[in-house]
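Based on the provided sequences and hints, a complete structural model is requested.
There are 4 protein chains.
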Amino acid sequence: MSSIIGKNITLSVFGESHGEAIGALIDGLPAGIPVNKDNIYAQMERRAPGRDKSATPRKEKDMPKIISGVLDGFTTGMPLCAMIENGDTRSADYSYLKDTPRPSHADYPASVKYGEHFDIRGSGHFSGRLTAPIVFAGAICREILAKKGITVGGHILSIGNVEDTPFDKTDVNNDLIKELSLSSFGVIDSDKEAQMRDLIESARLDGDSIGGQIEIAVTGLPVGIGEPMARGVESVISSALFSVPAVKGVEFGAGFDIARMRGSEANDRYINANGKIATATNNNGGVLGGITTGMPLIVKVAVKPTPSISKEQKTLNVKTMTEDSLVIKGRHDPCIVPRAVSVVEGAVCLALCDLMKEGGLL
Amino acid sequence: MSSIIGKNITLSVFGESHGEAIGALIDGLPAGIPVNKDNIYAQMERRAPGRDKSATPRKEKDMPKIISGVLDGFTTGMPLCAMIENGDTRSADYSYLKDTPRPSHADYPASVKYGEHFDIRGSGHFSGRLTAPIVFAGAICREILAKKGITVGGHILSIGNVEDTPFDKTDVNNDLIKELSLSSFGVIDSDKEAQMRDLIESARLDGDSIGGQIEIAVTGLPVGIGEPMARGVESVISSALFSVPAVKGVEFGAGFDIARMRGSEANDRYINANGKIATATNNNGGVLGGITTGMPLIVKVAVKPTPSISKEQKTLNVKTMTEDSLVIKGRHDPCIVPRAVSVVEGAVCLALCDLMKEGGLL
Amino acid sequence: MSSIIGKNITLSVFGESHGEAIGALIDGLPAGIPVNKDNIYAQMERRAPGRDKSATPRKEKDMPKIISGVLDGFTTGMPLCAMIENGDTRSADYSYLKDTPRPSHADYPASVKYGEHFDIRGSGHFSGRLTAPIVFAGAICREILAKKGITVGGHILSIGNVEDTPFDKTDVNNDLIKELSLSSFGVIDSDKEAQMRDLIESARLDGDSIGGQIEIAVTGLPVGIGEPMARGVESVISSALFSVPAVKGVEFGAGFDIARMRGSEANDRYINANGKIATATNNNGGVLGGITTGMPLIVKVAVKPTPSISKEQKTLNVKTMTEDSLVIKGRHDPCIVPRAVSVVEGAVCLALCDLMKEGGLL
Amino acid sequence: MSSIIGKNITLSVFGESHGEAIGALIDGLPAGIPVNKDNIYAQMERRAPGRDKSATPRKEKDMPKIISGVLDGFTTGMPLCAMIENGDTRSADYSYLKDTPRPSHADYPASVKYGEHFDIRGSGHFSGRLTAPIVFAGAICREILAKKGITVGGHILSIGNVEDTPFDKTDVNNDLIKELSLSSFGVIDSDKEAQMRDLIESARLDGDSIGGQIEIAVTGLPVGIGEPMARGVESVISSALFSVPAVKGVEFGAGFDIARMRGSEANDRYINANGKIATATNNNGGVLGGITTGMPLIVKVAVKPTPSISKEQKTLNVKTMTEDSLVIKGRHDPCIVPRAVSVVEGAVCLALCDLMKEGGLL
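Protein chains in written order, with my numbering: chain C, 1 to 362; chain A, 1 to 362; chain X, 1 to 362; chain H, 1 to 362.
Mixed in with the good hints there might be a few duds.
Since the list gives no way to pick out one identical chain from another, each pair is judged satisfied if it fits inside one copy or across any two copies.
The calculated lysine-lysine pairs, modelled on DSBU-like cross-linking and capped at a C-alpha distance of 35 Å, are [to be verified]:
{"#": "1", "residue 1": "K98", "residue 2": "K276"}
{"#": "2", "residue 1": "K192", "residue 2": "K178"}
{"#": "3", "residue 1": "K147", "residue 2": "K98"}
{"#": "4", "residue 1": "K147", "residue 2": "K311"}
{"#": "5", "residue 1": "K37", "residue 2": "K65"}
{"#": "6", "residue 1": "K276", "residue 2": "K148"}
{"#": "7", "residue 1": "K147", "residue 2": "K319"}
{"#": "8", "residue 1": "K319", "residue 2": "K178"}
{"#": "9", "residue 1": "K329", "residue 2": "K311"}
{"#": "10", "residue 1": "K148", "residue 2": "K37"}
{"#": "11", "residue 1": "K37", "residue 2": "K192"}
{"#": "12", "residue 1": "K178", "residue 2": "K65"}
{"#": "13", "residue 1": "K276", "residue 2": "K319"}
Treat the hints as calculated values from the structure; they're not laboratory data.
Pasting the structure below:
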């Protein structure tokens with residue numbers, strides 16, 4: 001287990017789904033960054049379960065409590081620890097999951113790796129709940145980026161086969177990103193929201209779940225962020241993103257589509273854009289050789305459907321080695337993609353700040 | 001610049017395209033790993049330019065010279081340094097690239113980042129030539145993996161729109177992988193080779209280039225490799241892969257396709273496969289929660305078309321801020337995908353060994 | 001600020017003297033290590049202020065609360081977070097310390113480094129209180145070491161000019177170390193305790209403080225711990241020890257005395273000690289080339305006198321640049337050396353576990 | 001084995017005493033640092049064997065050959081690799097050292113750790129020769145420091161019982177340091193040189209060796225270098241210094257002497273020194289809480305006598321477990337302290353640059 005994301009600004013994630021609390025410990029932050037509780041809460045809300053379409057924000061409950069590193073509303077430069085208590089944990093019996101592991105969860109490999117002492121209750125440290133600290137750290141890092149004129153925002157690019165309009169890679173609207181960065185169901189083409197919701201509802205009614213894609217854009221980046229070869233922008237961001245268990249693919253710019261292009265088509269020609277150096281296309285997603293080009297950074301992520309579905313599934317009893325059936329208890333999101341947007345944004349914010357510090361740019 | 005890939009077994013890449021030499025420094029290797037020159041050469045050959053279809057292997061020339069860390073054919077446990085001298089460097093004038101940067105190369109962002117002292121000759125440290133050390137390190141790591149019964153092999157999944165048959169994710173043929181791991185133009189469906197070559201030749205005749213995809217499979221993995229959340233298998237492998245500048249996308253298992261699935265379809269059901277725990281499908285590509293499941297690891301990579309094309313391109317003179325045209329001199333591969341297979345395999349080998357050492361599995 | 005000690009088993013220290021809480025986040029622990037609250041408490045007591053000679057242990061109050069990583073009395077392999085709440089913080093005004101920094105405290109350089117947002121209350125993150133997390137982590141690591149037959153214990157080697165008998169470097173009594181590892185005023189020659197206490201009391205009566213030395217021995221070490229050159233035993237232990245602000249010197253074996261020896265005197269001759277390979281002397285303190293030799297590890301530390309003394313001191317008002325006088329408020333230990341023994345032991349335990357994990361020895 | 005010193009500017013040391021070459025790979029250097037061969041050679045000369053009092057400098061031979069990272073006399077920001085070929089290696093038989101390990105060398109623990117494939121020839125990677133790359137890296141880092149007005153120099157503080165005058169910790173003469181930083185037998189009190197040389201000659205005539213101490217001063221440091229707790233100045237410097245196998249003790253400022261002081265004596269009172277903030281004493285050696293104070297940094301190191309002595313020694317045959325005698329062949333320095341000054345300085349230069357980069361100060 002190695003839950004420390006980053007090198008110079010690090011996020012250490014701790015806690016288990018049904019333990020005392022979960023939390024974030026951020027080390028290496030500069031002093032003097034404003035820590036605005038409303039801004040943090042706005043981000044936490046986007047990821048929180050059951051908040052979307054909810055009239056009653058339960059503000060007090062899940063707000064991270066800051067333990068250290070902040071004084072009078074600003075970071076002090078010391079490690080910033082924040083905790084979210086686990087109010088609702090019930091002492092259900094989860095031990096059956098060690099015998100009949102849930103398909104596509106970490107139950108089985110983690111039980112083999114950590115042995116009899118593995119805390120499997122509510123998925124333990126592997127629970128999706130453990131992405132909340134990433135959102136929290138992202139909210140702090142957003143303030144660092146904002147001071148530099150950098151904005152990070154994303155949208156639901158697809159749910160199942162319903163696809164939203166992608167970003168215009170060469171001309172990302174800054175107001176749009178800001179709006180998306182506060183949205184709980186962010187789409188560019190507002191007509192798609194209803195179709196996506198229908199698809200999610202349909203999955204829910206079937207006791208099933210559904211996957212999707214998230215697309216993030218970052219604007220205002222200077223040229224020169226990234227420490228290639230090993231700590232290039234794509235390496236550092238992808239590493240942070242794949243620490244989210246539901247992520248199964250990461251691509252930059254044209255991504256996998258670039259594999260079908262010819263060079264003459266893929267190459268991003270330099271142009272004079274009102275006195276600034278820009279490119280006519282942005283198939284490289286704002287990164288060349290691991291270094292930002294000044295064009296918008298575009299990253300896309302594939303999110304798998306929640307493996308926790310309520311319909312009965314077949315699995316193996318790994319003790320008896322016989323087929324068994326499994327019904328996963330509790331309420332589970334039929335689609336985590338809308339909530340995951342803030343997690344993906346948070347990971348991108350964290351990775352960028354880490355690299356900017358490494359490069360002496362903070 | 002941070003060219004050290006890995007944590008416990010590290011590969012430091014050094015050198016520039018037109019400098020004295022390029023090289024690999026591998027730290028943290030166990031003692032007693034056989035270092036077989038033929039095996040290393042077989043891998044280096046796969047990446048070497050102009051080797052495919054060539055009757056005269058220039059064996060002596062590009063063979064890495066081992067400087068340290070090996071004695072009597074075995075690693076000693078000390079840092080292993082190997083160098084490849086740059087025989088053919090000509091003192092051409094590359095300074096024009098700082099004024100008229102090549103589209104989709106690192107010329108422009110690297111010049112901004114490193115300033116007037118940036119070594120741009122032949123792309124310097126950003127040259128594709130700098131992937132040779134990854135192949136070398138991969139060849140050493142293959143021996144470590146082989147001792148544990150683990151095999152890594154890949155194929156050209158596509159060139160442009162010509163697609164090879166993908167791996168059967170639940171039943172990867174071990175003989176096939178071994179064969180592919182030595183091939184210089186590896187495909188599963190041998191009929192596709194000719195079509196791919198035609199497409200490449202057609203791009204070449206047009207003074208253009210073309211992209212493609214590479215798919216890698218790893219067999220023989222034990223359950224339990226990976227140190228989540230931050231050092232899960234996907235994080236560590238993707239980070240290594242994106243340190244190759246041409247890579248623009250990385251996905252595991254079903255990858256982006258999983259975003260269109262329902263949970264009931266995507267979930268990999270556990271089964272008893274002749275007394276062993278396996279899964280009926282392998283949409284997660286052998287990794288759950290960042291930990292190997294014992295199923296084949298499947299990773300796919302998007303490789304962009306070589307930005308160096310011989311046909312004239314438009315670019316910007318960044319000094320005068322006026323449009324300019326550029327003709328890139330020298331001979332360049334119309335498609336780097338076949339040669340890149342060994343690089344991608346090498347990065348995967350290195351990442352796995354690094355994680356196995358971290359987990360106490362070596 | 002970079003408060004993460006270690007590489008593969010890491011201790012992240014967080015909190016400020018007058019903040020909500022202080023704490024330890026330990027990442028990379030193996031699963032299945034017993035977490036015995038009594039053992040932890042026994043260690044915490046040794047460092048706690050006002051405990052020595054105290055009839056009423058305030059057990060409940062300062063016991064670290066474990067937040068994550070432990071289930072049913074064993075580590076789970078997940079990050080282990082523990083917190084100690086700051087019950088007694090009073091909102092005294094400490095801002096004067098930024099103008100008239102206390103001599104030999106971090107007040108001045110930290111104020112320059114972190115600027116106006118530096119949390120100077122009670123020394124903030126630089127307070128000696130922040131060594132409690134090291135003791136806690138040490139208590140957990142002791143259990144790992146105990147499983148391997150390794151014991152770590154230390155004593156007050158000197159207070160001022162009163163010197164205790166040093167360890168017999170070639171024949172450290174195991175029972176003695178165990179006893180010392182639980183002692184709150186550990187000395188080998190019990191006659192020295194009274195003299196040391198007198199010296200401390202005399203300093204206290206003068207409103208002054210006094211320094212001392214600590215000597216640690218580790219027994220039961222296998223041959224082969226340490227990852228030279230950069231991660232040798234001495235590098236890793238000294239780095240951890242110097243993270244304690246009061247430590248100004250670290251030496252191994254004969255330490256600085258070896259500088260006066262000839263080779264023929266200093267060299268530790270190998271002998272057959274009842275069938276085991278040993279050395280006749282142990283001037284190298286159990287480490288050669290950064291690797292343990294199997295002999296007892298002997299490390300000595302110089303601890304400076306507490307800079308917080310109650311007698312009036314001269315200092316500079318750094319705003320007005322004029323001389324000023326300073327009276328430090330509050331109660332301060334006239335000698336921190338007895339309490340620091342557990343901190344030094346804890347740092348050694350942590351460093352050894354980190355290296356053993358790195359070497360695949362856990 | 002982990003031979004990578006540092007975090008953001010790293011020195012990877014490679015090579016074995018009797019292999020092809022030894023070398024340094026420095027990653028993370030800024031671009032634009034002048035690489036002056038004369039300056040590098042001046043430093044290499046100080047460490048080189050047989051140079052002191054030698055009329056014929058063998059300049060060409062041991063000059064490191066720069067392989068990468070430098071163009072037209074300046075660093076490019078890419079990894080800088082340099083090699084020193086091992087011209088004089090003779091294929092003597094060293095295998096007897098595995099059976100009868102040399103006292104106080106790494107022979108025995110390294111043979112246990114790395115097994116039969118350990119390269120013991122001429123001590124392999126554990127040879128004192130492997131400190132040359134530290135001197136080389138130090139020479140590069142000196143240029144970085146010089147640009148910031150920082151100077152690093154040291155002297156032989158003692159050989160056996162002959163002691164040189166220590167630095168005046170509050171008023172280090174800058175010209176003196178510069179002179180020392182180029183000296184091959186640096187002392188402050190020139191009368192001591194002859195006495196020291198006599199002592200060394202006397203040891204040599206006895207077939208013995210002798211130890212000593214080195215004291216380093218750094219001037220021109222700004223306030224605020226250091227990333228406590230874990231990456232404070234003392235942690236990072238001591239870690240680098242202890243990677244030199246002969247170093248057995250490291251202390252800052254008053255070091256172990258501070259353990260005998262009272263607080264009122266040890267505390268470094270702030271004063272107005274001609275309009276600058278300074279301290280009246282410098283018992284803390286220019287570091288408080290792991291952060292530089294702007295006062296001279298003072299660090300002292302204990303160097304053990306060379307374990308390689310020509311007089312016959314007793315040891316154990318570890319195969320037969322019987323006593324044996326050993327005569328170490330070859331010529332060995334009776335005292336490595338004069339040559340080690342440049343190594344210690346180099347390690348300090350490297351550690352400071354690493355920390356300055358981490359703190360955004362480069």
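How the hints compare with the structure:
In the homo-oligomer, the alpha carbons of K98 and K276 lie at most 35 Å apart only across protomers (16 Å), although the nearest pairing inside one protomer, at 58 Å, exceeds that limit. Taking the shortest alpha-carbon separations for K192 and K178, only the intra-copy value of 19 Å comes in at or below 35 Å, while the best inter-copy value is 47 Å. Taking CA atoms no more than 35 Å apart as the test, K147 paired with K98 passes between copies only; the shortest distance there is 26 Å, against 48 Å inside one copy. For a Cα distance limit of 35 Å, the shortest separation of K147 from K311 qualifies neither inside one copy, at 48 Å, nor across copies, at 43 Å.
In this homomeric assembly, K37 and K65 come within 35 Å of each other (Cα to Cα) both inside a single copy, at 10 Å, and across copies, at 26 Å. In this homomeric assembly, K276 and K148 come within 35 Å of each other (Cα to Cα) both inside a single copy, at 18 Å, and across copies, at 33 Å. Taking the shortest Cα distances, K147 and K319 sit within 35 Å of each other only across copies (29 Å), while inside one copy they are farther apart (55 Å). Proximity of K319 to K178 under the C-alpha cut-off of 35 Å is restricted to the inter-copy arrangement: shortest distance 33 Å between copies versus 51 Å within a copy.
When the C-alpha separation of K329 and K311 is checked against a cutoff of 35 Å, the pair qualifies only within one copy, where the shortest distance is 10 Å, while the shortest distance between copies is 61 Å. Taking the shortest alpha-carbon separations for K148 and K37, only the intra-copy value of 20 Å comes in at or below 35 Å, while the best inter-copy value is 40 Å. Within a single copy, K37 and K192 get their C-alpha atoms as close as 32 Å, which meets the 35 Å cut-off; across copies the closest is 55 Å, which misses it. Only within a single protomer do K178 and K65 lie at most 35 Å apart by alpha-carbon distance; the minimum there is 26 Å, versus 40 Å between protomers.
Taking identical chains as interchangeable, the C-alpha atoms of K276 and K319 lie at most 35 Å apart only when they sit on different chains, with a minimum of 11 Å there against 65 Å within one chain.
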